[in-house]
Amino acid sequence: MRRPLCYRPVLFPTLLAGALALATGHASAATAWVSNEKDNSLSLIDLQSLEVTETLPVGQRPRGLLLSHDNKRLYICASDSDRVQVMDVATRKIIKELPSGKDPEQFALHPNDRWLYVSNEDDALVTVIDTETDKVLGQINVGIEPEGMAVSPDGKWAVNTSETTNMLHWIDTSTQTLADSTLVDQRPRFVEFNQDGSRLWASAEIGGTVTILDVATRQVLKTLNFQIKGVHPDKVQPVGIKLSADGQYAFVALGPANHVAVIDAKTYEVLDYLLVGRRVWQLAFTPDQSQLLATNGVSGDVSVIDTKTLKVLKSVKVGRYPWGVVVTP
Amino acid sequence: MHQSAPLALTCLLALATALCSAFASAAPPEQQLQVRIGYLSYRPDPGPLLSNIIPEPADAGLQGAELAVVDSNSTGRFLKQAFTLASTHVDSPEALLLAAKAQHDQGLRLFVVNAPAASLRALSAALPDSLLFNAGSPDDSLRSSQCLGNVLHSLPSRAMLADALAQFLVLRKWQRALLVVGQTEDDQAYAAALRRAVKRFGVQLVAEKTWRFDNDQRRSAQADMPLFTQTAEYDVVLVADERGDFGEYLPYQTWYPRPVAGTQGLTPTGWHKTVETFGAAQLQKRFEAQAGRWMNDRDFAAWMAVRSIASAVSKLRQAEPRALQQLLLSDQLPLDGFKGRKLSYRPWNGELRQPIPLVQPRALVSTSPQEGFLHPFNEMDSLGFDKPEVTCGYP
Chain A
1 MRRPLCYRPV
11 LFPTLLAGAL
21 ALATGHASAA
31 TAWVSNEKDN
41 SLSLIDLQSL
51 EVTETLPVGQ
61 RPRGLLLSHD
71 NKRLYICASD
81 SDRVQVMDVA
91 TRKIIKELPS
101 GKDPEQFALH
111 PNDRWLYVSN
121 EDDALVTVID
131 TETDKVLGQI
141 NVGIEPEGMA
151 VSPDGKWAVN
161 TSETTNMLHW
171 IDTSTQTLAD
181 STLVDQRPRF
191 VEFNQDGSRL
201 WASAEIGGTV
211 TILDVATRQV
221 LKTLNFQIKG
231 VHPDKVQPVG
241 IKLSADGQYA
251 FVALGPANHV
261 AVIDAKTYEV
271 LDYLLVGRRV
281 WQLAFTPDQS
291 QLLATNGVSG
301 DVSVIDTKTL
311 KVLKSVKVGR
321 YPWGVVVTP
Chain B
1 MHQSAPLALT
11 CLLALATALC
21 SAFASAAPPE
31 QQLQVRIGYL
41 SYRPDPGPLL
51 SNIIPEPADA
61 GLQGAELAVV
71 DSNSTGRFLK
81 QAFTLASTHV
91 DSPEALLLAA
101 KAQHDQGLRL
111 FVVNAPAASL
121 RALSAALPDS
131 LLFNAGSPDD
141 SLRSSQCLGN
151 VLHSLPSRAM
161 LADALAQFLV
171 LRKWQRALLV
181 VGQTEDDQAY
191 AAALRRAVKR
201 FGVQLVAEKT
211 WRFDNDQRRS
221 AQADMPLFTQ
231 TAEYDVVLVA
241 DERGDFGEYL
251 PYQTWYPRPV
261 AGTQGLTPTG
271 WHKTVETFGA
281 AQLQKRFEAQ
291 AGRWMNDRDF
301 AAWMAVRSIA
311 SAVSKLRQAE
321 PRALQQLLLS
331 DQLPLDGFKG
341 RKLSYRPWNG
351 ELRQPIPLVQ
361 PRALVSTSPQ
371 EGFLHPFNEM
381 DSLGFDKPEV
391 TCGYP
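These protein sequence lines map, in sequence, to chains A and B.
When we follow the numbering used here, the leftmost residue of the first sequence carries the number 1, and every step to the right adds one.
When we follow the numbering used here, the leftmost residue of the second sequence carries the number 1, and every step to the right adds one.
Chain B on its own, in the form it takes in the complex (with noise of 0.2 Å):
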């Protein structure tokens, strides 16, 4: 399988050279449009876990982009249009911004950026007449309070997954929760987007609790766990442990037997292996043949954004990156992410609208948004900010 990709790939060359000798005969000759991404990747260290035992891989995102770019150059070989990608993975978010200007300098004007917050804050800044994709950050701020002009959002906000999630528990009646949150910043601001999304789909959380881990010493955390979830009853229990700390012990070892959902459970996502249908099946294919493991949701993100890039392009047949962006917050480009729905950009925060798959380890369960949602104009836009919801301008 890995043999081939390679082989396959020099194969479509030497085709396309042979293509564009073919057509150069036929058609007056036009000047091949170059379309150069830079794809820029700075993720902080997570810190001591206690369930390290499943590594994340360590090129997510990256995997997604290379795909991409190999998928846009089989349509772009037939337009005249080539498409590369200019990959940096950096330790430091210093280094990250002294990266993006070097690409810049080199006449880069869209970069895929897999990044915190706070980094792509500082890129949008540096970089104002550049096009960004955020597929690292799935930050709330960034697309209701603290907008970013020359961003769009491939990645689902935590806003977006945490109503995808709520849905579904009001789907299945489950109507009573207790939430458990880690100690970290991100796990602060996933539990914020948990309650936001219950307020809004009217469940009840009956208590809230913090993992400290000053548990009693002579117990190991799944032993800790019933007596620790231990409250007023509850339907579920939602986790908000971002990096993967303790929340895989939760499962099993609840107080009342009861499903467990949000960071570990079942997790709304991006992405996921089991997502299958609509031709995702073949975009598994393609990636697991390239990356040799699963694709996951900052894969998919930096795909869908290149994608995007490469769709815009091939529609307006330049790449200039307002133009880009125009063409992507209007209505006329619909997008193809494999999720069954035409994928598009909200024009009032430039997050990009999707269905929410909701999965456990080896089953997709369901998708968000759920029947019976309903919304004026588009029932994704039931998941995450909404435009009345939005305080700053765009772009």
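Next comes chain A alone, as it looks inside the complex (with noise of 0.2 Å):
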């Protein structure tokens, strides 16, 4: 889940470029891949033009999205076919399909670039894959209906979240393991790694709560809830996670209340509440993260945010049910 800023490749402008402008038209925009969850496809929006400028059809019911450190493969969590689906950025064709175990959600890949931590929501467990073999290295009974998925940046922790059993999961990945459990408010949906590894952020969506847990003591430090004027507390339902790099700003999609809110990520104020489409869902950062992306799944579009300015610039149509949101430069 971590960004992709400082691993903008060497190779990206000599070996893509050329592929990406034949395909866009557009040479060095960046690109937004988002999953549709109920047209079992990927929308492609050019970031310059805000248009999207590509459907390519994936396996069933597509949610959660991850790039390769390098920005060249994209992994799909195709739920309903049972497997996570690699996606060559450049050629856009799926180049293999990973045994994921049933109904991938959420997954994050180990700092290692290697190893793929995925949720297999159906059958309360954890999935670890190899990515370069191809095999299994473990799979870890968690709680079920097992979700949102993170990797600590030093690699040392897999955190899982279980939406009925309402619990963080903490699996040791040296030896892929489960070793501690935290309770947290009701069906917890999201977690997120702060940059330097010492701060969890867990979305509740029934709770309305985020949590933020210190690493090292896996202690709960803040409880964040949410009030937006005119918008009933029940409608507050926090899900996607997103913390600038600068350490400024949380950014924490609010579901059915359909608004992002903006937290002070140092104070843990909340700043802001930016209107968005129906049911938010995810979010994602720009390269140079000026802009941030929220899915919107009821009204099938993705808002345009201004970090800077804090204001919604666009809304732009996708498929049905936007789910899963990255970015490639």
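Be a bit skeptical, because a hint or two may be false.
To be verified - Calculated cross-link-like contacts (lysine-lysine; reagent style DSS-like; alpha-carbon spacing at most 25 Å):
id, chain 1, residue 1, chain 2, residue 2
1, A, Lys222, B, Lys387
2, A, Lys102, A, Lys135
3, A, Lys235, B, Lys387
I should point out that these hints are in silico values taken from the structure, not numbers from a laboratory.
Put the complex together from the two separate chains, hints included.
Structure below.
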């Protein structure tokens, strides 16, 4: 889940620019990749023109997306196909499918760029796959409906959330076994480590809260609540979280509250709520972090947010039930 | 699919054992909390039905409770809480009372009841020190005029269902309705809830007719319906036929080509196969893998009842019935019911606040409360009996 900011690949212009230019007609603009849960497709948004330039068919019910550290490979959770698909970013072709276990929903890549931690929502498992050998390294029993996944920047911890068990499960990556579990609020959906790996942010959809934990002690530091004028508290259902690389902001997608919360990542004070589309799910920064993209599941669009002025710039119509989003430079 | 569920469970249990021993060395050993829940079921025979092609599953309710126990033990194994279900299905109200007392004698104080209102009243009186969950009776009086202090209701009342439907009628501007009512007491009660709802939300009843099955013997029910529904013009036909005797023959057979809604046609219900958003798809899949059939409203009510108990136990770390009830009636424990809202129990009558899906057999049509039906505190309280309408004391 770490952003590819510092990994802007040296080889990129020579190897990929040509292919991208052919495919999109824009040589330099970044591209957003959006999974459409009910269209079995990806929508590609050119981030200069803010228009959908391509729609690619993928497996059934695509949800979680992530990129390899060199941005060359896109991993796609094709939930109802029970597999993780690997797409070559340059050619837009599915080059292989990984044995992900049943119903993969979210996943995270270890800093070693090889181990993929996949939550198998229907089987109460986390599956660890070596993406080079395509072998399953281990399966870890966790709570019911595992969902969110994150790996700490130092690679020590893989953290999974289980939505019905209401826990964060701490997996020791050196042994691929469960080391600890922390009870949080109802229906934890998403976890994100901060840049230095000292803090873990976890959203609870039904609890309506975001919990910030100290990673060293695995203790809760702070629980955030959200109050939006004119929106009933029941509709505040936090899902996706993104932390800016400069440590200034945290952004939290609030689901059917149709807003993205802006939080001071140092003081944990909620600064603002930005109106986006209906049932906002997941978030992704553009490479320079000047913009934040938000997928709106029910309204079928992606909101583009300016992270300096904290204004919503545009809404881009994509496929049905957009779920995940990542950005390639 | 069916084979893998017990296997997965075995794996879970094995892991739980491993975990417990791992924790035992790290922290001082903590006593495991055993939470035993009684499931009491009695469904009276509905009598002979004209429309009996697709029978109701015999284990409706029980499968939901059983799944919720598995779900709850997933958290319980980390918190040293073990949930077990003692289930009883009997064929008379007397046997139900005896079964309940037997479970009570064994120390059970938490019960999920899938039985008619009269049985629930008797159980409530016989087990005053216990907490009961009503997962079987939609009776309105239990939630408005004859409250039961030790009962929480996870099954929506007829009033909630009727209000959910009436809001949708208003939204679609179907302002004139014909009401067709069956002959059982339950049908009369459903009709009363519909009358209350249409009055509340401003839908006009142009006529009301009782289906007596004294039609022309040369015609089938289907053939009789067009003439039977020949009244002043309406926008929708509302039907109150809870056991499914004749209502299935109304759609497409009405005098005016109009939709049918109520117990058949467009139906308000606590749960249905077509509910899939807000994580419901995962619950549906888990349920189908366990039960080998679709999850219905009674399964959901029983599932919700056990999950309510478990959510409260995991927060309180104890299972004393009064303490659980007090927490569940407070605003301190939002419950997850896969319905897109935080669910909670109304402190004035113990009924679960929940959105109501409006379904046809293969699609979700809408979910009430409908947008625009406002309420000073919680829009979900626009469905069913709101605080000022409840005349009995609770809890």
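Here's how the hints hold up against the structure:
1. Lys222/A to Lys387/B: violated, 35 Å
2. Lys102/A to Lys135/A: Given that 25 Å is the threshold and the Cα spacing comes to 15 Å, the pair holds.
3. Lys235/A to Lys387/B: holds, 22 Å
Violated hint for the displayed structure: number 1, the only one.
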